Amino acid sequence: MAARSASIIRRSLLYVPGSSQKMLTKSLGLHSDNVTYDLEDSVTPSLKDTARNQLKEHISGLSARPSGISELAVRINAVSTPFALSDLTALALSAMLMLSWFPRSTQLLI
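Just so we're aligned: 109 in the working numbering is position 100 of the sequence shown, and the numbers increase by one with no gaps anywhere.
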């Protein structure tokens, strides 16, 4: 998976808020090298659980990657937050996701 993702030329990256069902649905018709579903900055803390569940449902409902999108990704919350582990747990087994973005980190995690 990493080799395939690394070889994709990303000329366009579109970020879609995981908290907006309307935008999640609309994203399937986009033409982009990368569509990243965002669970971090675009989602208020009070909607984190809802957004995570909506995104999990959205992705699990896909039988194939949309033809106009080269790569599907998710941007999780920072590992220093209480949301990161839930993000990873909810989305880790999704066959449709090709990449996970880990946002800014203030410390080295080993």
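Some hints here could point you the wrong way.
Computed list of lysine-lysine pairs in BS3-like fashion (alpha-carbon distance at most 25 Å, straight line) [said to hold, decoys possible]:
| id | residue 1 | residue 2 |
| --- | --- | --- |
| 1 | LYS31 | LYS65 |
| 2 | LYS35 | LYS57 |
| 3 | LYS35 | LYS65 |
| 4 | LYS57 | LYS31 |
Distance ranges between label pairs, derived from CB positions [what the hints assert, rightly or not]:
| id | residue 1 | residue 2 | range |
| --- | --- | --- | --- |
| 5 | GLN30 | SER95 | 15 to 23 Å |
| 6 | PRO91 | GLY38 | 30 to 38 Å |
| 7 | PRO91 | ARG20 | 32 to 40 Å |
| 8 | ALA73 | LEU23 | 26 to 34 Å |
| 9 | PRO54 | GLY77 | 27 to 35 Å |
| 10 | SER55 | ARG19 | 29 to 37 Å |
| 11 | LEU56 | ILE18 | 30 to 38 Å |
| 12 | SER76 | SER55 | 32 to 40 Å |
Just so you know, the hints here were simulated from the structure itself, not pulled from any lab data. From a predicted model like this one, the values you see are computed outputs, not experimental measurements. Glycine is no exception: its CB is placed at the ideal position from the N, C-alpha and C atoms.
Has the hinted range 29 to 37 Å been met by the Cβ atoms of SER55 and ARG19? 32 Å, holds
Check the hint pairing LYS31 with LYS65 against an upper bound of 25 Å on the C-alpha distance. 15 Å, holds
Kindly confirm whether 32 to 40 Å is satisfied by the beta carbon distance between PRO91 and ARG20. 35 Å, holds
Starting from the hint 32 to 40 Å, judge whether the C-beta atoms of SER76 and SER55 obey it. 35 Å, holds
Does 27 to 35 Å hold as the CB distance between PRO54 and GLY77, or does it fail? 32 Å, holds
Can the restraint linking LYS35 and LYS57 be considered satisfied, given a maximum Cα separation of 25 Å? Since the Cα atoms of LYS35 and LYS57 sit roughly 20 Å apart, the hinted pair holds (cutoff 25 Å).
Holds or violated: LYS57 and LYS31, Cα atoms, limit 25 Å. 17 Å, holds
That 30 to 38 Å hint for LEU56 and ILE18 (C-beta), does it hold up? Roughly 33 Å apart at Cβ, these two residues keep to the hinted range, so it holds.
Holds or violated: the 15 to 23 Å window for the beta-carbon distance between GLN30 and SER95? 19 Å, holds
Could one say that the CB atoms of ALA73 and LEU23 fall in the range 26 to 34 Å? Hint violated: Cβ distance 19 Å, outside 26 to 34 Å.
Verdict for PRO91, GLY38 (Cβ pair) under range 30 to 38 Å: At 34 Å between Cβs, range holds.
Are the Cα atoms of LYS35 and LYS65 separated by 25 Å or less? 16 Å, holds
In this structure, only the earlier hint numbered 8 is contradicted, and the remaining ones agree with it.
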